[in-house]
Amino acid sequence: MATLQLREAIRAAMTEEMERDEDVFLMGEEVAEYDGAYKVSQGMLDQFGPDRVIDTPIAELGFSGLGIGAAMSGLRPIIEFMTFNFSFVAFDQVVNNAPNMRYMSGGQFGCPIVFRGPNGAAGQLGATHSNSTEALYSNFPGLKVIAPSNPDDAKGLLKSAIRDDDPIVFLESEQMYGMKGEVSDEEDYLLPIGKARIAREGEDVTIVAHSKSYHVAMKAAEELEKEGYDAEVIDPRTIKPLDIETIIRSVMKTNRLVVIDESSPFASVASEVTHQVQERAFDHLDAPVLRVTPPDTPAPYAPNLMDRYMPSVEETVRASKRVLYATT
Amino acid sequence: MADDNSKAPTDSADAFDAKSGGDGAADKSAVEDTAADESTEEQGPWTKQSIDIPEGPIKETVEYETYPASRFTHDDLGLSDDDLMPMLRNMLLQRRFEERCRQMYQRQNISGFLHLYIGQEAVSTGSVYGIRLGEDSVITAYRDHGIGLAMGMDPKACMAELFGKKSGCSSGKGGSMHFFDSEKRMFGGHAIVGAHLPVGAGIAFAHKYRDEDNVCLCFFGDGAMAQGAYREALNLAGIYDLPIVFICENNQYAMGTAVDRVQAEPDLFKHGRSFGMPCSLASGMDVFSVNGAVKDHVEMAREGQPSMLEIRTYRYQGHSISDPAKYRKEGELDARKSEDAIVRLQQYIIDQDIATDSEIETLDDEIKQEVLDAIEFANNSDFPDDDAIYDHVYAQEDYPFIN
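First to last, the sequence lines map onto chains A and B. Counting in the UniProt record's numbering, the first sequence runs from 1 upward without gaps. Counting in the UniProt record's numbering, the second sequence runs from 1 upward without gaps.
The reader is advised that the hints may include incorrect statements.
[Said to hold, decoys possible] When the alpha-carbon atoms are kept at most 16 Å apart in a straight line, the in silico EDC-like pairs for lysine to aspartate or glutamate are as follows:
1) B:K270 <-> B:E63
2) B:K166 <-> B:D382
3) A:K159 <-> A:E22
4) B:K208 <-> A:D23
5) B:K208 <-> A:E223
6) B:K329 <-> B:D260
7) A:K321 <-> A:E225
8) B:K208 <-> A:D230
9) A:K321 <-> A:D307
10) A:K159 <-> A:E201
11) A:K195 <-> B:D398
12) A:K321 <-> A:D188
No lab work stands behind these hints: they were computed from the structure. Since the model is a prediction, treat every value here as computed from it, not as a measurement.
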């Protein structure tokens with residue numbers, strides 16, 4: 001096992017895949033000469049040259065569409081959004097072109113492309129730079145959405161994503177880029193898309209959380225343990241396809257569920273998990289499913305408001321205790 | 001819009017670690033601005049830009065190549081006598097096919113949007129005769145029947161697609177606006193105005209990336225010229241030297257809006273110049289003008305020079321089948337029809353003694369029958385199985401759907 005930062009794990013995944021397959025290339029704003037806005041692609045220009053590590057103008061619509069055309073032609077582009085907040089400028093390409101090509105062409109043209117970059121709020125950046133897009137992109141059939149919570153998952157899942165024949169939205173977090181973790185030394189380390197990870201086994205309550213929220217969940221589980229409650233934490237890792245089976249099995253064991261999700265609460269990932277659980281495991285539930293999400297507001301700037309905005313350990317503990325009917 | 005995140009993430013990373021107890025410290029150095037570290041004496045990625053302003057006004061003379069109707073003979077274009085009847089056949093097939101489409105729509109065999117190409121056949125045929133079919137790539141917008149048929153797509157599969165049948169060229173999943181043929185490198189008709197222009201750039205990018213000697217023809221209407229996607233696609237093609245020809249089929253109207261009402265510079269071919277590209281203007285009422293222009297532009301593309309070609313043409317029908325086209329001036333349609341490209345080519349063939357009137361008539365009858373056969377095929381084909389709704393959403397067949 002090697003200890004890598006999240007950004008290093010992502011870089012390792014891209015580097016290995018580019019070494020393995022000449023059809024893979026990286027394109028985005030500041031990925032080459034600047035060495036990556038968040039240094040994810042640091043050193044890759046030197047290794048692969050400007051034909052495969054390609055700077056773009058600030059034109060998300062254009063370079064996303066270019067990636068889609070290249071993917072339809074059989075290449076395997078990795079398109080980096082400097083942040084997923086900017087993917088909205090390319091929204092039509094990501095949701096209307098990439099996922100529909102295979103269907104509209106009756107299977108003649110695929111679109112093996114990965115759109116990746118930081119997603120979600122990253123501190124006090126204001127409303128337009130704090131969007132969490134996982135629920136949004138999961139709404140479009142034909143897209144797959146992945147949101148890893150640690151370097152090991154990021155490497156294994158990104159390598160799988162690059163080899164996948166469908167368009168993938170791969171969501172990272174700029175707050176996690178420096179986060180270190182053990183990464184498998186296994187040669188050609190691949191993780192399956194659509195398989196959740198049971199991060200912590202427990203008997204009393206299930207907490208489902210992905211990406212940054214996973215760390216909130218683990219912290220909350222520690223707090224709950226101090227009070228004598230044993231939480232099970234599940235990181236779905238891929239939002240679409242969602243490994244609902246693993247979640248259902250856990251709920252059947254604990255009979256209680258809390259979902260943490262940074263996306264806006266209305267029609268969120270948490271809403272979807274909640275719906276599917278009540279549909280499949282209603283009789284196993286001993287309490288209403290609770291969500292821990294931001295309020296349904298734009299993200300604020302002021303630090304106290306931002307603390308209030310983000311899903312927190314305290315809120316998660318409180319929600320868990322509510323579904324446990326524990327005195328708070 | 002896309003700003004430099006040089007400071008905020010450093011702060012926010014700290015905030016995250018403090019709040020949630022992340023597994024490790026964020027790397028502050030990674031997001032520092034590297035520009036300050038560079039000594040100005042060292043060789044950097046400097047460009048040729050400067051702040052010099054000349055004393056006097058900058059005067060420029062610009063020349064544009066034009067390809068007006070009736071300038072070229074087939075000899076000029078390297079076409080043989082034997083090419084002419086197939087070219088005529090190619091154009092007539094589109095015309096006859098679409099005349100029947102109209103009828104089939106009225107009989108409710110065809111639904112959805114139906115944008116007919118009638119009047120523009122010289123553009124498709126002239127262009128297809130200017131490329132290496134099957135090696136070069138083509139992508140277009142929603143008025144795609146003509147280009148698909150010109151590329152040799154099977155009229156049976158095309159009609160079946162319009163009927164929504166399993167045997168259709170897109171398995172009944174695309175419809176009128178989404179004809180695809182991967183073997184012929186027809187990358188489809190696309191239905192969001194302007195959205196396929198960057199995709200066309202990507203197809204050209206793939207040709208270049210693979211070191212292939214092939215080009216992409218990217219067709220779009222005058223309406224797409226107002227979209228930001230147009231600018232982004234041309235800019236990308238320009239900076240990456242992509243082998244692409246951007247072809248604006250200016251049929252004078254974006255739906256019902258005349259081009260000069262919505263374009264500050266209605267000479268659309270001139271727009272390519274702001275990207276440093278060769279631009280020219282051709283008549284879409286003469287298949288030879290189109291063919292000459294496309295050949296010249298394709299030659300440039302093969303040398304890595306993207307370019308912009310405006311082909312002025314006219315659609316005889318409304319924007320779609322539901323449009324009576326009342327926005328036209330009186331007599332406008334008749335005036336344009338008097339320049340009809342099919343009639344022009346027929347006359348040329350007769351004048352050159354390549355075929356007689358009656359031979360052309362026989363050809364036309366054959367084509368009409370071919371279209372009737374396509375209708376019969378479409379009629380006799382099955383609709384897709386109900387379960388086909390789940391096919392082709394994802395590459396793998398066992399994708400875990402919730403159903």
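### Query
Going through the earlier hints one by one, which of them does the structure break, listed in rising order?
Violated hints: 5, 8, 9, 10, 12; rest satisfied.
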